[in-house]
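Could you put together the complete structure from these sequences and hints?
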Amino acid sequence: MTIAEIKEAALTCGVLNQQELSKKIRALKDSGVSYLGCFAFTQHNQQISTLEAKNLTLKLDAFTDEEKAEFNGYYNLMMEDFKEEKS
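In my numbering, the protein residues as written are 750 to 836.
A couple of the hints might just be wrong.
Calculated pairs, DSBU-like style, for lysine-lysine (alpha carbon to alpha carbon, straight line, at most 30 Å) [to be verified]:
1. Lys778 - Lys756
2. Lys803 - Lys832
3. Lys756 - Lys817
4. Lys772 - Lys756
5. Lys778 - Lys835
6. Lys817 - Lys803
These are computed hints drawn from the structure, not numbers from a lab.
Structure below.
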């Protein structure tokens, strides 16, 4: 799925409650959608900021603790790179 298709799907299914959102994110993840695609779905479905979407998506039970740790490791590395560039 492209990001455009993910966003369209998020908007057409209506705002999901947390349990429904978790099931949808798990299905997207299991079909090969990346972390960023899952965050985009959450953001557009819930109509929230990117940061809120990242935090909410990682709170769902769609990801294992190992997957959450992996993403957070990449995220922290990226943030360190940004900090170094500003210095």
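Quick rundown of the hints versus the structure:
Of the pairs offered as hints, the one joining Lys778 and Lys756 holds, with about 15 Å between alpha carbons and a cut-off of 30 Å not exceeded. A threshold of 30 Å between alpha carbons decides the hint, and for Lys803 with Lys832 the separation of about 20 Å falls inside it, so the pair holds. Restraint check: the Cα-Cα separation between Lys756 and Lys817 comes to about 22 Å, which is no more than 30 Å; the hinted pair holds. Simply put, Lys772 and Lys756 have alpha-carbon atoms about 17 Å apart, close enough for the 30 Å limit, and the pair holds.
For the suggested pair Lys778 and Lys835, the alpha carbons sit about 34 Å apart, so the restraint of at most 30 Å is broken. With a CA separation close to 11 Å, the supplied pair Lys817 and Lys803 stays within the 30 Å bound.
When held up to the earlier numbered hints, the structure conflicts with hint 5 and nothing else.
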